[in-house]
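Protein chains: 2
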Amino acid sequence: MFFVLQMAISNIRYGEGVTKEVGMDLQNLGAKRVCLMTDRNLSQLPPVDAVLNSLTKSGINFQMYDNVRVEPTDQSFLDAIEFAKKGEFDAYVAVGGGSVIDTCKAANLYASSPTSDFLDYVNAPIGKGKAVTVPLKPLIAVPTTAGTGSETTGVAIFDFKELKVKTGIASRAIKPTLGIIDPLHTLSMPERIVANSGFDVLCHALESYTPLPYKMRSPCPSNPINRPAYQGSNPISDVWALHALRIVAKYLKRAIRNPEDREARANMHLASAFAGIGFGNAGVHLCHGMSYPISGLVKTYKPKDYNVDHSLVPHGLSVVLTSPAVFAFTAQVHPERHLEAAEILGADIRTARIKDAGLILADTLRKFLFDLNVDDGLAAIGYSKADIPALVKGTLPQERVTKLSPRPQTEEDLSALFEASMKLY
Amino acid sequence: MFFVLQMAISNIRYGEGVTKEVGMDLQNLGAKRVCLMTDRNLSQLPPVDAVLNSLTKSGINFQMYDNVRVEPTDQSFLDAIEFAKKGEFDAYVAVGGGSVIDTCKAANLYASSPTSDFLDYVNAPIGKGKAVTVPLKPLIAVPTTAGTGSETTGVAIFDFKELKVKTGIASRAIKPTLGIIDPLHTLSMPERIVANSGFDVLCHALESYTPLPYKMRSPCPSNPINRPAYQGSNPISDVWALHALRIVAKYLKRAIRNPEDREARANMHLASAFAGIGFGNAGVHLCHGMSYPISGLVKTYKPKDYNVDHSLVPHGLSVVLTSPAVFAFTAQVHPERHLEAAEILGADIRTARIKDAGLILADTLRKFLFDLNVDDGLAAIGYSKADIPALVKGTLPQERVTKLSPRPQTEEDLSALFEASMKLY
Ligand SMILES: NC(=O)c1ccc[n+]([C@@H]2O[C@H](COP(=O)([O-])OP(=O)(O)OC[C@H]3O[C@@H](n4cnc5c(N)ncnc54)[C@H](O)[C@@H]3O)[C@@H](O)[C@H]2O)c1
Ligand SMILES: NC(=O)c1ccc[n+]([C@@H]2O[C@H](COP(=O)([O-])OP(=O)(O)OC[C@H]3O[C@@H](n4cnc5c(N)ncnc54)[C@H](O)[C@@H]3O)[C@@H](O)[C@H]2O)c1
Ligand SMILES: [Fe+2]
Ligand SMILES: [Fe+2]
Numbered sequence: 001m002f003f004v005l006q007m008a009i010s011n012i013r014y015g016e017g018v019t020k021e022v023g024m025d026l027q028n029l030g031a032k033r034v035c036l037m038t039d040r041n042l043s044q045l046p047p048v049d050a051v052l053n054s055l056t057k058s059g060i061n062f063q064m065y066d067n068v069r070v071e072p073t074d075q076s077f078l079d080a081i082e083f084a085k086k087g088e089f090d091a092y093v094a095v096g097g098g099s100v101i102d103t104c105k106a107a108n109l110y111a112s113s114p115t116s117d118f119l120d121y122v123n124a125p126i127g128k129g130k131a132v133t134v135p136l137k138p139l140i141a142v143p144t145t146a147g148t149g150s151e152t153t154g155v156a157i158f159d160f161k162e163l164k165v166k167t168g169i170a171s172r173a174i175k176p177t178l179g180i181i182d183p184l185h186t187l188s189m190p191e192r193i194v195a196n197s198g199f200d201v202l203c204h205a206l207e208s209y210t211p212l213p214y215k216m217r218s219p220c221p222s223n224p225i226n227r228p229a230y231q232g233s234n235p236i237s238d239v240w241a242l243h244a245l246r247i248v249a250k251y252l253k254r255a256i257r258n259p260e261d262r263e264a265r266a267n268m269h270l271a272s273a274f275a276g277i278g279f280g281n282a283g284v285h286l287c288h289g290m291s292y293p294i295s296g297l298v299k300t301y302k303p304k305d306y307n308v309d310h311s312l313v314p315h316g317l318s319v320v321l322t323s324p325a326v327f328a329f330t331a332q333v334h335p336e337r338h339l340e341a342a343e344i345l346g347a348d349i350r351t352a353r354i355k356d357a358g359l360i361l362a363d364t365l366r367k368f369l370f371d372l373n374v375d376d377g378l379a380a381i382g383y384s385k386a387d388i389p390a391l392v393k394g395t396l397p398q399e400r401v402t403k404l405s406p407r408p409q410t411e412e413d414l415s416a417l418f419e420a421s422m423k424l425y
Numbered sequence: 001m002f003f004v005l006q007m008a009i010s011n012i013r014y015g016e017g018v019t020k021e022v023g024m025d026l027q028n029l030g031a032k033r034v035c036l037m038t039d040r041n042l043s044q045l046p047p048v049d050a051v052l053n054s055l056t057k058s059g060i061n062f063q064m065y066d067n068v069r070v071e072p073t074d075q076s077f078l079d080a081i082e083f084a085k086k087g088e089f090d091a092y093v094a095v096g097g098g099s100v101i102d103t104c105k106a107a108n109l110y111a112s113s114p115t116s117d118f119l120d121y122v123n124a125p126i127g128k129g130k131a132v133t134v135p136l137k138p139l140i141a142v143p144t145t146a147g148t149g150s151e152t153t154g155v156a157i158f159d160f161k162e163l164k165v166k167t168g169i170a171s172r173a174i175k176p177t178l179g180i181i182d183p184l185h186t187l188s189m190p191e192r193i194v195a196n197s198g199f200d201v202l203c204h205a206l207e208s209y210t211p212l213p214y215k216m217r218s219p220c221p222s223n224p225i226n227r228p229a230y231q232g233s234n235p236i237s238d239v240w241a242l243h244a245l246r247i248v249a250k251y252l253k254r255a256i257r258n259p260e261d262r263e264a265r266a267n268m269h270l271a272s273a274f275a276g277i278g279f280g281n282a283g284v285h286l287c288h289g290m291s292y293p294i295s296g297l298v299k300t301y302k303p304k305d306y307n308v309d310h311s312l313v314p315h316g317l318s319v320v321l322t323s324p325a326v327f328a329f330t331a332q333v334h335p336e337r338h339l340e341a342a343e344i345l346g347a348d349i350r351t352a353r354i355k356d357a358g359l360i361l362a363d364t365l366r367k368f369l370f371d372l373n374v375d376d377g378l379a380a381i382g383y384s385k386a387d388i389p390a391l392v393k394g395t396l397p398q399e400r401v402t403k404l405s406p407r408p409q410t411e412e413d414l415s416a417l418f419e420a421s422m423k424l425y
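Protein sequence lines correspond, in order, to chains A and B.
Mapping the first sequence onto our numbering, position 57 (from 1) lands on 57, and the numbers just tick up by one.
Mapping the second sequence onto our numbering, position 271 (from 1) lands on 271, and the numbers just tick up by one.
No lab work stands behind these hints, which were simulated from the structure alone.
Predicted model, so just to flag it, every value in this text is computed and none were measured.
Just so it is clear, CB atoms sit at the ideal spot from N, CA and C, and this is done for glycine as well.
Possibly wrong hints are sitting among the right ones.
Unchecked claim - Taking lysine-lysine pairs in the DSS-like style, the calculated list, with each CA pair at most 27 angstroms apart, reads:
hint: 1; chain 1: A; residue 1: Lys304; chain 2: A; residue 2: Lys355
hint: 2; chain 1: B; residue 1: Lys32; chain 2: A; residue 2: Lys130
hint: 3; chain 1: A; residue 1: Lys130; chain 2: B; residue 2: Lys164
hint: 4; chain 1: A; residue 1: Lys250; chain 2: B; residue 2: Lys393
hint: 5; chain 1: B; residue 1: Lys393; chain 2: A; residue 2: Lys215
hint: 6; chain 1: B; residue 1: Lys164; chain 2: A; residue 2: Lys57
hint: 7; chain 1: B; residue 1: Lys367; chain 2: B; residue 2: Lys164
hint: 8; chain 1: B; residue 1: Lys393; chain 2: B; residue 2: Lys302
To be verified - Restraint-style ranges between C-beta atoms, simulated for each label pair:
hint: 9; chain 1: B; residue 1: Val308; chain 2: A; residue 2: Gly346; range: 53 to 63 angstroms
hint: 10; chain 1: B; residue 1: Arg33; chain 2: A; residue 2: Lys302; range: 24 to 34 angstroms
hint: 11; chain 1: A; residue 1: Asn258; chain 2: B; residue 2: Arg353; range: 53 to 63 angstroms
hint: 12; chain 1: B; residue 1: Glu419; chain 2: A; residue 2: Pro221; range: 32 to 42 angstroms
hint: 13; chain 1: B; residue 1: Lys57; chain 2: A; residue 2: Leu396; range: 57 to 67 angstroms
hint: 14; chain 1: A; residue 1: Gly346; chain 2: B; residue 2: Lys367; range: 44 to 54 angstroms
hint: 15; chain 1: B; residue 1: Pro114; chain 2: A; residue 2: Gln27; range: 51 to 61 angstroms
hint: 16; chain 1: B; residue 1: Ala416; chain 2: A; residue 2: Arg33; range: 54 to 64 angstroms
hint: 17; chain 1: A; residue 1: Ala131; chain 2: B; residue 2: Glu419; range: 38 to 48 angstroms
hint: 18; chain 1: B; residue 1: Lys57; chain 2: A; residue 2: Pro219; range: 36 to 46 angstroms
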């Protein structure tokens with residue numbers, strides 16, 4: 001058997017105030033027409049200000065697109081792509097959370113491949129999952145949440161309205177050229193955005209530490225260009241996953257509680273990139289696979305602190321609500337990893353039995369979420385038992401991630417996981 | 001004050017037999033004229049065979065250059081550059097240890113910048129240390145030692161004959177496009193090559209865990225393009241350094257003792273890349289700075305197991321021989337890191353006093369080297385007290401690394417460090 005592990009790790013720059021360099025970076029790239037992307041809310045906030053200042057100071061010619069949708073859809077991606085095609089840009093700067101960075105990746109991709117059909121690059125089986133062979137323009141990502149790690153990954157996620165399900169585009173080719181991690185940007189985040197994006201980091205770390213090991217993943221494409229970015233757990237992503245998890249355990253609560261705690265917010269900002277490097281190469285599994293219909297089927301839920309005009313389930317919330325059920329389910333495969341994660345998150349495992357690893361991790365997560373005032377399960381965000389078949393149906397096409405679960409799942413298993421996630425406490 | 005940390009991390013692929021993909025990679029890159037570089041010894045060994053097979057199978061048009069000098073010099077770099085210029089290649093494959101990979105980086109750089117003077121890109125103060133702005137061709141590095149991590153770094157080292165001192169070229173631009181880490185290649189390494197290249201990993205890990213922290217390094221260039229690759233210790237390289245050190249502690253002895261111990265050799269092969277990512281961003285300091293004259297001034301030393309016709313001090317040996325003295329000297333700055341390193345390498349530190357950290361790490365290293373039959377200090381490889389002034393003189397221009405030492409050094413300090421390294425046991 002032939003095992004391969006391919007790591008595309010990232011270029012990142014970290015430092016308070018480091019955003020002021022983005023204009024120089026664009027000059028160094030020789031950029032003549034730059035597309036600056038953000039969302040409407042951020043366009044009024046300090047992170048975008050800092051970028052605008054830097055661009056102006058360096059005399060960069062740019063156009064701003066601030067129409068990014070929070071939790072993007074195919075429609076909102078297409079709108080940004082249209083803008084990018086018209087603009088004929090030679091570089092992109094994305095300032096925002098995962099919604100902005102992902103939208104910018106898609107805009108860059110399709111503007112660089114103008115004759116492609118939108119579905120060409122969308123993950124199979126929903127789209128065609130074609131390999132990207134066209135050269136893209138440089139994209140500098142300036143994350144403003146401490147969550148997705150999108151500045152380090154080759155993934156762009158959107159909500160496919162027609163199917164009411166989230167899916168994405170995954171290719172090393174869309175990974176940003178440079179991520180500028182400036183922890184000052186995290187200071188303007190309101191409490192629930194810190195919490196929800198932090199839960200995303202938590203799940204990236206937990207899921208990328210526990211997927212199918214890379215030596216067990218199949219198929220193994222014979223041409224490296226067809227190899228997926230998500231390869232299963234491996235000795236390199238393990239390092240990042242554990243490291244990120246330790247930071248989450250130490251700093252997430254502090255970052256949520258106190259907006260002035262710069263140390264905590266800066267550490268979570270780095271952790272989000274670290275977890276991104278980990279899951280961007282190892283993948284995520286059930287929490288993410290099941291989250292896509294949870295977000296996609298949203299009814300009327302409007303989260304606190306989100307300055308948007310549509311209902312949405314924030315991504316981090318949609319992944320974390322199933323996490324106790326998911327890890328109770330998967331622990332039979334790598335119980336020692338589940339127990340280790342529980343210990344890092346504060347569980348006392350001195351007298352723990354290895355066969356209880358899943359329950360211990362689940363309890364630890366429940367307690368963690370309770371302490372952080374997280375909604376009490378899927379019921380609290382508007383779902384009931386009657387929705388479970390639709391939630392399961394929306395999970396089935398998420399093979400790209402669900403197949404990375406260490407434990408295979410039937411539809412009944414998925415039903416049971418959603419049901420167990422209706423109420424947490 | 002404005003602190004920046006810039007990480008250029010790497011693309012690597014890892015797996016037994018993964019070399020067979022290199023032909024496909026070159027096809028995917030659209031390469032039409034490929035330069036295959038190696039050294040004379042390796043050209044007869046399985047790693048080069050595997051690459052040749054893959055190139056042939058994929059119908060890749062290539063020319064082979066096997067004239068790389070083990071421990072390259074300016075002359076040998078120039079010879080390879082000449083070959084590269086004539087060949088007008090559109091991609092490079094380097095199969096070998098640091099000597100081959102470094103030579104190939106230089107060949108690619110100067111062939112891509114044909115009007116440059118050789119000194120233009122050589123590190124200041126010896127050369128001009130100009131920033132690389134020309135685009136280079138893709139370079140795929142296939143390491144065959146478990147040592148330099150050159151497949152992950154933007155550094156190419158050579159012996160400047162005129163000055164009798166090693167120096168190099170350092171730029172993110174010369175970092176290989178892809179490192180193919182195929183642990184099968186390590187199986188042909190004779191014992192001393194495993195040992196010496198392993199010591200290089202050990203010192204990369206130790207030195208990159210203990211340099212000046214990145215927030216204390218100066219100057220801080222205002223344009224990011226002028227920022228050095230070596231930035232001092234930082235929260236990202238720390239992760240790599242410690243991880244590599246743990247692997248060295250666990251596997252180096254086994255890898256040396258038993259050529260059949262595939263687990264140990266494979267782990268050291270990965271550790272060398274991990275340490276490369278760490279030191280490639282944090283830098284190294286005194287062991288490396290002092291090693292350059294130790295190699296450059298070599299008299300008649302001919303190491304066991306090296307199939308070459310000139311005398312040389314293998315790089316890994318030249319760095320490790322001063323390590324006990326160096327860490328005893330630097331420990332006063334970050335004693336807790338020195339103690340932590342000693343513990344990872346097997347010291348019992350339960351009753352240790354923090355002020356003894358340097359001595360404890362030095363003793364641990366001495367014991368480690370003694371167990372591995374390493375020559376007893378600089379005296380055993382042909383140096384005497386009378387050589388110390390020349391060794392010191394050769395260290396002074398190595399500012400790029402010596403300035404990263406956590407503790408500043410006078411010429412007297414350097415003399416004392418060389419003197420303390422004459423005899424180890
Ligand atoms: N590409 C990837 O690797 C990846 C990984 C995980 C999730 N995602 C996707 O990313 C999206 C979620 O991204 P997110 O969690 O970063 O949030 P987001 O981008 O959706 O932003 C959420 C809200 O926070 C606001 N906001 C962002 N930064 C702020 C700041 N500094 N101060 C004040 N307000 C701020 C935004 O304006 C928005 O209203 C989802 O679509 C998800 O599926 C992508
Ligand atoms: N670029 C960097 O980041 C970096 C870092 C550290 C050192 N270096 C430089 O790298 C050079 C040392 O490289 P190295 O330690 O990898 O050794 P090397 O390339 O000098 O090779 C040493 C010997 O080992 C032989 N060899 C290599 N692989 C073999 C295999 N698999 N089987 C049998 N024989 C094999 C070679 O033919 C050669 O004779 C020095 O010039 C050093 O300064 C570079
Ligand atoms: Fe996520
Ligand atoms: Fe080295």
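Against the structure, test the hints numbered earlier, and report the numbers of the ones violated in rising order.
-> Per hint list: 1, 3, 4, 5, 6, 7, 10, 11, 12, 13, 14, 15, 17 and 18 violated.
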